[in-house]
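Using the sequences plus the hints, can you model the full thing?
Read off the chains here:
2 protein chains.
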Amino acid sequence: MSIGSANTECLKRIQESTAVLTDIRIALDVIPGMTEKTVLHAGPPIQWDRMCGPMRGAISAACVFEGWAKTPDEGFELGASGDLTFDSCHNHGSVGPMSGIITPSMAVHVIRNDVHGIETYANLYEGIGKVLRHGANDAEVLARLRWMHEELAPVLTAAIRRAGGIDIKSLVAEAVQMGDEMHNRNRACNSRFVLALAPHMAAGGKGDLEKIISFLDNSGHFCLNSVMPACKAMLDAGHGIEDSTIVTAMARNGTEFGIRVSGLNDAWFTAPAPFVDGVFFPGYGPDDANPDLGDSAITETAGLGSLAMAGAPAVVQYVGGTAQFAVETTHKMYEITATEHETYRIPNLNFRGTPLGIDIRKVVETGITPVINTGIAHRKPGIGQIGAGLTAAPMECFVKALEAFAEKKGV
Amino acid sequence: MSIGSANTECLKRIQESTAVLTDIRIALDVIPGMTEKTVLHAGPPIQWDRMCGPMRGAISAACVFEGWAKTPDEGFELGASGDLTFDSCHNHGSVGPMSGIITPSMAVHVIRNDVHGIETYANLYEGIGKVLRHGANDAEVLARLRWMHEELAPVLTAAIRRAGGIDIKSLVAEAVQMGDEMHNRNRACNSRFVLALAPHMAAGGKGDLEKIISFLDNSGHFCLNSVMPACKAMLDAGHGIEDSTIVTAMARNGTEFGIRVSGLNDAWFTAPAPFVDGVFFPGYGPDDANPDLGDSAITETAGLGSLAMAGAPAVVQYVGGTAQFAVETTHKMYEITATEHETYRIPNLNFRGTPLGIDIRKVVETGITPVINTGIAHRKPGIGQIGAGLTAAPMECFVKALEAFAEKKGV
Numbered sequence: 001m002s003i004g005s006a007n008t009e010c011l012k013r014i015q016e017s018t019a020v021l022t023d024i025r026i027a028l029d030v031i032p033g034m035t036e037k038t039v040l041h042a043g044p045p046i047q048w049d050r051m052c053g054p055m056r057g058a059i060s061a062a063c064v065f066e067g068w069a070k071t072p073d074e075g076f077e078l079g080a081s082g083d084l085t086f087d088s089c090h091n092h093g094s095v096g097p098m099s100g101i102i103t104p105s106m107a108v109h110v111i112r113n114d115v116h117g118i119e120t121y122a123n124l125y126e127g128i129g130k131v132l133r134h135g136a137n138d139a140e141v142l143a144r145l146r147w148m149h150e151e152l153a154p155v156l157t158a159a160i161r162r163a164g165g166i167d168i169k170s171l172v173a174e175a176v177q178m179g180d181e182m183h184n185r186n187r188a189c190n191s192r193f194v195l196a197l198a199p200h201m202a203a204g205g206k207g208d209l210e211k212i213i214s215f216l217d218n219s220g221h222f223c224l225n226s227v228m229p230a231c232k233a234m235l236d237a238g239h240g241i242e243d244s245t246i247v248t249a250m251a252r253n254g255t256e257f258g259i260r261v262s263g264l265n266d267a268w269f270t271a272p273a274p275f276v277d278g279v280f281f282p283g284y285g286p287d288d289a290n291p292d293l294g295d296s297a298i299t300e301t302a303g304l305g306s307l308a309m310a311g312a313p314a315v316v317q318y319v320g321g322t323a324q325f326a327v328e329t330t331h332k333m334y335e336i337t338a339t340e341h342e343t344y345r346i347p348n349l350n351f352r353g354t355p356l357g358i359d360i361r362k363v364v365e366t367g368i369t370p371v372i373n374t375g376i377a378h379r380k381p382g383i384g385q386i387g388a389g390l391t392a393a394p395m396e397c398f399v400k401a402l403e404a405f406a407e408k409k410g411v
Numbered sequence: 001m002s003i004g005s006a007n008t009e010c011l012k013r014i015q016e017s018t019a020v021l022t023d024i025r026i027a028l029d030v031i032p033g034m035t036e037k038t039v040l041h042a043g044p045p046i047q048w049d050r051m052c053g054p055m056r057g058a059i060s061a062a063c064v065f066e067g068w069a070k071t072p073d074e075g076f077e078l079g080a081s082g083d084l085t086f087d088s089c090h091n092h093g094s095v096g097p098m099s100g101i102i103t104p105s106m107a108v109h110v111i112r113n114d115v116h117g118i119e120t121y122a123n124l125y126e127g128i129g130k131v132l133r134h135g136a137n138d139a140e141v142l143a144r145l146r147w148m149h150e151e152l153a154p155v156l157t158a159a160i161r162r163a164g165g166i167d168i169k170s171l172v173a174e175a176v177q178m179g180d181e182m183h184n185r186n187r188a189c190n191s192r193f194v195l196a197l198a199p200h201m202a203a204g205g206k207g208d209l210e211k212i213i214s215f216l217d218n219s220g221h222f223c224l225n226s227v228m229p230a231c232k233a234m235l236d237a238g239h240g241i242e243d244s245t246i247v248t249a250m251a252r253n254g255t256e257f258g259i260r261v262s263g264l265n266d267a268w269f270t271a272p273a274p275f276v277d278g279v280f281f282p283g284y285g286p287d288d289a290n291p292d293l294g295d296s297a298i299t300e301t302a303g304l305g306s307l308a309m310a311g312a313p314a315v316v317q318y319v320g321g322t323a324q325f326a327v328e329t330t331h332k333m334y335e336i337t338a339t340e341h342e343t344y345r346i347p348n349l350n351f352r353g354t355p356l357g358i359d360i361r362k363v364v365e366t367g368i369t370p371v372i373n374t375g376i377a378h379r380k381p382g383i384g385q386i387g388a389g390l391t392a393a394p395m396e397c398f399v400k401a402l403e404a405f406a407e408k409k410g411v
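From first to last, the protein sequence lines stand for chains W and X. Under the working numbering, think of the first position of the first sequence as 1, with each following residue one higher. Under the working numbering, think of the first position of the second sequence as 1, with each following residue one higher.
Nothing false has been slipped in among the hints.
Simulated DEER-style distance windows between Cβ atoms:
#1 W:365 / X:170: 45 to 51 Å
#2 X:128 / W:67: 50 to 56 Å
#3 X:140 / W:35: 55 to 61 Å
Derived by calculation from the structure, the hints in this document are not laboratory data. Just so it is clear, CB atoms sit at the ideal spot from N, CA and C, and this is done for glycine as well.
Below you can see the structure in the form of structure tokens.
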């Protein structure tokens, strides 16, 4: 097959995909390859000795949550001991924002792409600030996690099932008409997500719905942990097409930035994780920042995030830049993508589809790398989120991938 | 005072105003001048013999709702009998979308502008299609109205009070960042409105919340009946400034289009209501359409609706036109307005404030009249909404007002 035909097939499969939140389950029960001592993390695979601070901090808290350790300090010891099995979320059908830590007892969103028989998973969104995914690990973080698992998850699960699932792809399509880019601005999608569930939560009549609805609504990002696995469920349909040069995953573990390419199996092409040019919360600055972290760049890979930024000019108030910059960013991304999204359409570009299908050839030829809108974690464990901003995928990843592709083709 | 200083004062008062939904009450108990036989209607004052079909249809249904008539046919007879007192909503601190019928037993939103001690009112939003405000009057319409008064209003009222009021001005500011123009596109504002109330409804624990939340959310416009009186509460703060040429109300009764001007007391300057260039629901066309109707042009008067259309390109899918047309419309409206809104800012115009303060002098000088985004009612009573579209305020209103202003100034 020619590269062109392979890419067409890859993108056809992505475009025709669906993504429905069907359930919330316990990780050990549903994630393939999950064991009682597995710790999944964001980005390409990495072991403890090379992990960044916030990822270690998150693991220390997860160890307490699992009952493997009594304190975060014991959690750090366990992390370093070699007794845990670390692996990349992406190797297990999963994604996680920031440190992306998923351990066996955690509740996970279950997303189905029924067109291609794909199921994906992500943990629950904890809110903003001092949260496990950003490396915070104190009693407040753990108490919130426990509340989420004991009180929130059962109510959510019942509502999702009663609703017959929540069509995440449709919610995203509507939210792109309402100024969301679906990485750092999810206000519309989250509002519609909560309102899709609220009548079913009310009908269920269980739980402290005042607290639950407020929690789901307040941060404005709860839906992100459904949108990320939805992106993966659709992109994975286009993964593994021999001869395709389309990027099917971009992910960061806080040490390295890695990409996967449809025609290059499950190899990761990595480079050092870049720093983020950000807007910092009061009291923090660039010296406090960890390099780029998390699986959330799956949104950009799926034609959202910075690629959809022209339709979400208000996101610049959070990540920096001007409205004009937002439009220019999307226009630049059309230069490195193979097609336009048929479902996600940007009103102020007269309903043009978002750029979709990052082609490693175009990235290397143009010298333009994908822009990423992202949160910023403190580089030390135990602190949490300190800002948000913009970065770009390192060119080195795309050059390495293109070299591997050329080698495979015997060019 | 010079006209310039008067307009500055008028606009300062409008800009500094607040608008909070504080309560839902029965019209007879709160609307000034409301009597047991008063029927308030949209637009400038009009009597039965000159009323359009949908306004008569709405009154026929309201007569049944009030118990004044057993059937809509009896309602028509009563309307024609001279036994009812008809007056303009605007003459009683009120506004109503489309026919704008408010009768003594109807529940009304209470909006407070505490900066200027102003209170305004509007009836409850019934949903779309076959509804009283568009002139429908059958058993389904009346059953829905009764449900709204008996089951919805008590739950809403308790939630509004428990929330300590809902800040409508802030909700609108956020919604303008989310692609709403607040006349025909209210999806974001309505979502945020329902989510502001949902936790309090849940805490109240009363009513069929599954049905209530679904009803409030589904049409996407329930909040409009809070936004309209909020616009009036803020505009009225700028009304009555001697020597000001700023328009403080635009309203249509389906027969005439009328405007009020800050420095010209409560006089209405009218012209025949124009037809609407619209997108019709299946089965209907221009021949079925009533001329422009309703108090909802108060949104345009307050810097929203078509004036904010650049930030709401998705509204063209409902009212017609292109995204480019939406941007051009807002740019054209800057030519006839005195200032820019300090609170309502359009992201894709780099957060420029919406055009605010239609100046009758600029309208006459430029020949540009305010564009109106609006719904379309069937011209016959008993049918309801048949589409939505765009029209423009008639130049004659502005010419008459400017002549009256010149005469008053002795020019």
